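Colleague: Heads up: the protein sequence lines correspond to chains A and B, in order. The letter at position 446 of the first sequence is residue 446 when you use our numbering, and the numbering goes up by one with no holes. The letter at position 775 of the second sequence is residue 775 when you use our numbering, and the numbering goes up by one with no holes.
Everything labelled a hint here was simulated from the structure, so no lab data went into it. Hints may be right or wrong, so weigh each one.
[To be verified] A few chain A residues that don't get close to chain B, going by computed Cβ distances all over 12 Å:
no., residue
1, His-104
2, Ala-258
3, Thr-321
4, Asn-384
5, Asp-448
[Claimed, not checked] Facing chain A, according to a computed beta carbon distance under 7 Å, are these residues of chain B, among others:
no., residue
6, Arg-11
7, Ala-315
8, Phe-1030
[To be verified] Computed beta-carbon distance windows for the label pairs:
no., chain 1, residue 1, chain 2, residue 2, range
9, A, Ala-142, B, Ala-1002, 38 to 48 Å
10, A, Val-278, B, Arg-1020, 57 to 67 Å
11, A, Val-300, B, Ala-1002, 28 to 38 Å
12, A, Val-300, B, Arg-1020, 30 to 40 Å
13, B, Ala-337, A, Glu-194, 49 to 59 Å
14, A, Ala-142, B, Ala-993, 54 to 64 Å
15, A, Ala-142, B, Ala-337, 40 to 50 Å
16, B, Leu-470, A, Gly-473, 32 to 42 Å
17, A, Asn-74, B, Ala-6, 45 to 55 Å
18, B, Leu-470, A, Ala-418, 15 to 25 Å
These figures come from a predicted structure and were not determined experimentally. All C-beta atoms, glycine included, are put in the ideal place defined by N, C-alpha and C.
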Amino acid sequence: MIELDDVFVLYPVQDRQVAALRGLSLSVAAGERVVIAGPSGSGKSTLVRLVTGLVRPSAGRALVLDHDLATASNRVILALQRSGIGVITQQMTSNLAVELTGLHNVAMQCRLAGRSRHDAHQLGRDMMKRLGVDHLADRSLATISAGEAQRVALAAALAHRPRVIVADEPTGALDIDNANIVFDLLAELSTELEAALLVVSHDPGAGRIGDRVLEIRDGRLGAERLAGHESSRLVVDARGWIRLPETDRIRAGIASRAVVEPAVDFAAGSESLTLKAVDRITTSAATTRPGEASSVAGDVLVAIAAAGRTIGDTRVLAPVTLDVRTNELLIISGRSGSGKTTLLGLIAGFAEPSEGRIEHAPSTPVAVGTSTPGFAETLSVRHNIELACTVRGRVIDAQMTDSIDRALTAVGMIELAARPVGTLSGGERQRASIVRALASGAPLVLLDEPTSQLDQSLARSVARFLVAEARSGRAIVCASHEPELLAAADRIHSLNG
Amino acid sequence: MTTTPASRWWRAGTAAASLAAARVRAKPTRGLVTGLGIAVAVASLFVTTASPIIAGDATLQRTLQDLSPGDRSITVAAPVNGQTPEQIQEADHRIRTGLKVRGVGGVRTEIEYRALAASDGTIFRLAGIDDLATAVTLRDGRLPTSCTPTRCEVVIAGPTESIALQPELGMVVVGHVALTNSSLLAGDFAPMSNEVILLGNGTDDVGSIKPFELIGRTIGWILPIDPGVIRVRDIDPILSAAASVANSFIDRGPKVSLPRTALLDARARAATASNRVALAAAQGVVLLAAFTLLAAAGARRHHRAARDLLRQRGAGRAAANVFTTCEAAWPVIIGLAVGVPLGVLATRQLADHWHFDAGDVVSTVIRDSADRVILGALVILVATAVVMATDSSASPSRQRSWWRPTALDAVGAAAFCMAALAVSRGSATASSLVSKGDPLIALLPLLAAVVVAWIAIRLVPVLVARFAQLLGHHAPLVRTALGEVARRPTVPLATAGFLAAATTLSIFSLGYRSTLAAGARDQASYAVPFDFTLAYGPALVRPSAVEPVGGWPSIAPSAVSTDILRRSASVESQKLSTDSIAMVGLEPSTLTSMRGWRSDFGPSIESMQAAITSKRDQPTAGTVIPLGTTRLTITGDGDLSTTEIAAIVASEKGLWHEDTTTLSKSDTNQLVVTLDPGDAGGRLIGFRLGQPGTQAQKTQHHAGEGNTGAAYFTATITLDSVEAETSSGTTTMAVPWSQLQSQGGAVTHDATGLSIELRLQGSSALLLPPAPPDIAVIPAIVDPYTAASAQGGNVVVDLPGDSRQVLRVAGIAKRFPGAGTRFAIVDISLAEPAFDRDQPGFGTANEIWIAADGADQRALATAFEQAPLKDLAVTRRTTIQERLSSDPLSRFTLGLFGIAAIIAALLAIGAVFLSTMSNAAEQAPLHRALAAEGVAPRSLSRMVRATSIAITVGALLFGALGSLELLRLVTRVIAVTATSTVPVPPLLIRVRAIDLGAALAALFVPCVVAAALAARSARRVARGDLLREFG
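Bound conformation, chain A alone:
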């Protein structure tokens, strides 16, 4: 159903090309369920766009339902999208037209594929009934819950009985119960339809429905875990590339160079390779154990007492009791939808808690770095950072400039300081946002998923930088489940209960 072989996808950014996929190979058979994991920016979204025909491969071979995406005509691609592929994404607005009723949304793809209105509606009703949302057929989507909407979206993606199902973070906006329902339905329906299922998800719950769970890093497959197995296997691509997991690399003390020593035991009939560090790692960013109180923690800046938030009937944040202190890097962790970002919003004062209370130390300015940061797109990175400083009344003098330069250097952005932000990649914008928040001089800095689009190396650099900033007397709170940040945290507060 899906055959990707050494696929490269390049995007033009200003005067250069950025490789989102770098020799990715993947095969998904009919009826097979494959879950793709990996940090944001690793190429997952590009993989989805490739398989759904929205981008063409720059190099390599990409076959979907036996159509070569590199050479297929637009007409063929469109036919593939209409009839062969079903797509469901995280955002309701990109799955469904809120102006249409549930049934019209579900039947739309069938109608676009040329089916009569009657047939399309019949197929739509059948699928909605199968997914238990037939009672929403005539409802306006504006009046239904997120879980219901996602099930309707699932029905819309599957009503035409596609042979390839692509789900891109299908449960990102759902609570755990609804997420499980959606995953189960995806699994059942892919089996019923004998369709290849490709699920891209951060959610650990996705793994249970996959025949294989593939980890994608830096545009390549890094590791693979088969259903029923606890451990992952490294993926060796056609050129022999292997990506060493960061934890193993650190554990082995390998900094940047290693030697391979083959050890062949012909007698035993087995082969093995030994990897030895040439230059060893001398320090570690991790200073405290996750979940334990930091020994360096200072004054309490924010005291959170059983603060929770409910919107309508939905509890978006269960009650939290927590102190935010100076001198420490506090990580709020938890699965998607657990309320990490909401907690940051409550701390920042963007929203009020529905229950409990949050008390701030007097005169505690807050700086916030969002997961999708906004900038003055035509201004350079430096000017954007200076703007943030200026609006807080900080004078841009030589000392300030030097401070900004050091921060940019720490996160690997100094060479991009003069570049307009609009030309940056997602990860670069994320790092610029971190520096901007920290350069503001605010004692309390809140960062939402600051490393979600960074590879492990950069994420570690950022983590070190955040720790160093925390040590300068500030309180830095990050909402994240990235291992690099978790490893560097002075304290971790989990919202998973």
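With chain A's structure known, arrange chain B on it following the hints.
Modeller: Then chain B, alone, in the frame of chain A:
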């Protein structure tokens, strides 16, 4: 079941259309702004289609109403004699059927005999009218009841009380009537003023009176043209029908007459108005279209999201385009649904206001504009769809240097070249507008607007960036916002272009309106330089002859007047041709009372006064005639009896004239002159001596036929003394004989008098004192062409009567009110004696110009309606001005330019609002980030507002400059007044700096308010985004 590609396409299309329909149902107000823009465009199209129709019809109505009823009729006149009754009947049938066209009333026939003399010598005409009772009002007696071949009852029409008719004529006068239908007995049938009309009832009966059998008579068919019914579009059918009827009678001599010139003139003016209105309409409609596209660009983001969903679901390009087209169609549907009724309503109001049949006008407008509305709607639909479907999201990765050429530059440069070409080709006139000669000239305002928009889009970012730099470290948020605008060619910059174009057209429309209105004032002031011009009327009364005893101030204390001596003269133009010029003598001191002097005409009034004012005292030539003198007796000798001699006398008021002498019955050596009233106290200037009139005519006749050998008239005259006779006795006048000279005869002086020998051939000799030296060469203000013919600074003009006058060019003026295109303006105190010297009386003023204050003008106007002043031809400046201003074409033209200005201004304000909203939405991520950084919501609004204000200021600046340049070009190139005639004098831009400032302020303030209102959305968006993300 298999499906064909066509059915698949259809089903996909309907699915896409149903999504669009659902989106419209969910939020029908989404396309409201765009739809309202289209609605205004559609309504404007109706109004601008109706305007020239109504204006043309109103002009035609006014033109016809100005004609006498007789002149606004179609009259077919045919001599009855020589025609058989059958031929007459056939003619009647043809006329009644052939001229049955709209605007022409029912046929009424009349018959009129040639003039006859009654027994008492009274000249009368016998006429017969069908249905006489409906055409007359009985003054006394009764109406005729019978008319047989031998006895016919008639009534007398007019003031004549009685007439002594020969009994054998069989005419019986039974009463007196007054004609109430003035289209009858008019035109070819109009009697002479000394003729009495006898009216009988019935054309056939009156035409069959036996005693008049051999008298020549004419039968007429009168078809009145009804100004209230006729429309411009009826003119061609009427002319065609009249021509057809005339052609059908070509062998039998009936003559068809109608007000052809008036009809054609009205039609031409209506056509000019139509094209001019089209000019205003085009700019309005194009501006509205641009606004619609701007609004569509603002709605693009939302539309693209839904379109992308469709594409994700596998919709092909065709289905996606169906979706886009359906979404784009909604504003068009709103526009048509609102615009058509609005247009019909506005058209009805307009028609009602001008007292035209609203239903008729509306149906005509719908018929004329339906295709344009449909075509325009389709164009807007396609353009909106293209704009909505285009993904032009500005990406910094696609940023280019601002000087890099783009497609916009190509459009702007092309518009510039076309505008330059239009200007270089020359000017458009009223006639060329009728013929739609040069479309480029008509498109000039639009082309200029495009050029201004181009320049604004190119330069506003530069100016805004410069301004942002000037802010330095102050206002960092505003600086950042301005910087974003300066670097991103998105909706705000498109708005800058639109705003600049709208400002250009708005201020241009206002300025042009003001210029045209001032043009009407200039035209009136050019025709009547002061407030009144008095000239000879039909009664040939000289204006100064009826001047009140106490002068004009006795009627109007503030009156300032000048006698005007206007004479035709000719001047040689570089020996190649002779051109006619107007010699105008006036009192230079009164020039300051001229109402319409413009600096572009020539030098200042003060310098003209200084240049031509004479320093001479009152004329001293001649011998004073004692007061009370009634008669002069001239003693002489020689051929007094065979020579015609006249005394040249200047009256007490200084008017030269000739008093004929007669030979004394008692003494053949004495000539007697009976003086005219007013001569006593005047001066005896000299004498004219010539051959008797009959001889002179014969001699001139021979000379005219080339017989130069005709005999000369010779005579020798001796003049010795002149005695003045008064009631108290006789006084000998001390005539300075020794000073009298003549160029027509040989003069010999002796101790007591003089002797002159004449040798004349059809002419006469003047015996006059020598000319004062200061009138030999008179300083004059002349037109440039006349000045060009000067030699040594002097121009020699030929006056009637073989006399010449040398003018010194003291100043050059391109134009002079009341003087025509070729002129020489001189001091009347020099012109009078100069003209009189060669032709006594020729130097008498023949016109008066009077200026007075407002109330005094009314007093004068009242006086001019009463005797004896009513015999003068009086032209009042304000009357001309009011007539020009009240001209339907003028009112429509000015009104439309006013409406165009308002629409452009409203669109500009709307564009600022939309642009600010769009900018706030586009900058939302930045605002969200800044809000997260703690920036106050008010500061975010200020950022957006500052951007819009900066754009507005820049665009207004370019728009104002563009409008002034456009005004200059259009005023120069399109030489047409508000009444669609050639402007005399040429139009002059009339936009005062204060008015311009007020107009800009009137645009700027609402734009700022709109920007402030729209900028508030930045607060809501930022707060909402943060809540969504973190809430």
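Colleague: Look at each hint and say if it fits the structure.
Modeller: Hint check:
1. His-104: Non-interface label fails for His-104 of chain A: nearest chain B Cβ at 7 Å, not farther than 12 Å.
2. Ala-258: Holds, because the least Cβ-Cβ distance between Ala-258 of chain A and chain B comes to about 38 Å, which exceeds 12 Å.
3. Thr-321: The claim holds: Thr-321 of chain A sits with its nearest Cβ about 19 Å from chain B, beyond 12 Å.
4. Asn-384: violated (9 Å)
5. Asp-448: violated (8 Å)
6. Arg-11: holds (5 Å)
7. Ala-315: For Ala-315 of chain B, the interface hint holds, since the closest Cβ of chain A sits about 5 Å away, which is under 7 Å.
8. Phe-1030: Because about 2 Å separates Phe-1030 of chain B from the closest Cβ in chain A, which is inside the 7 Å limit, the hint holds.
9. A:Ala-142 x B:Ala-1002: 38 to 48 Å: holds (43 Å)
10. A:Val-278 x B:Arg-1020: 57 to 67 Å: holds (58 Å)
11. A:Val-300 x B:Ala-1002: 28 to 38 Å: violated (59 Å)
12. A:Val-300 x B:Arg-1020: 30 to 40 Å: holds (34 Å)
13. B:Ala-337 x A:Glu-194: 49 to 59 Å: Once the Cβ atoms are compared, 52 Å apart, the range 49 to 59 Å for Glu-194 of chain A and Ala-337 of chain B holds.
14. A:Ala-142 x B:Ala-993: 54 to 64 Å: holds (56 Å)
15. A:Ala-142 x B:Ala-337: 40 to 50 Å: The hinted range 40 to 50 Å is violated for Ala-142 of chain A and Ala-337 of chain B, with Cβ atoms some 27 Å apart.
16. B:Leu-470 x A:Gly-473: 32 to 42 Å: Given range 32 to 42 Å: holds, Cβ gap about 39 Å.
17. A:Asn-74 x B:Ala-6: 45 to 55 Å: Check failed, 19 Å falls outside 45 to 55 Å.
18. B:Leu-470 x A:Ala-418: 15 to 25 Å: holds (23 Å)
Going down the numbered hints, you'll see the structure goes against 1, 4, 5, 11, 15 and 17, while the others check out.
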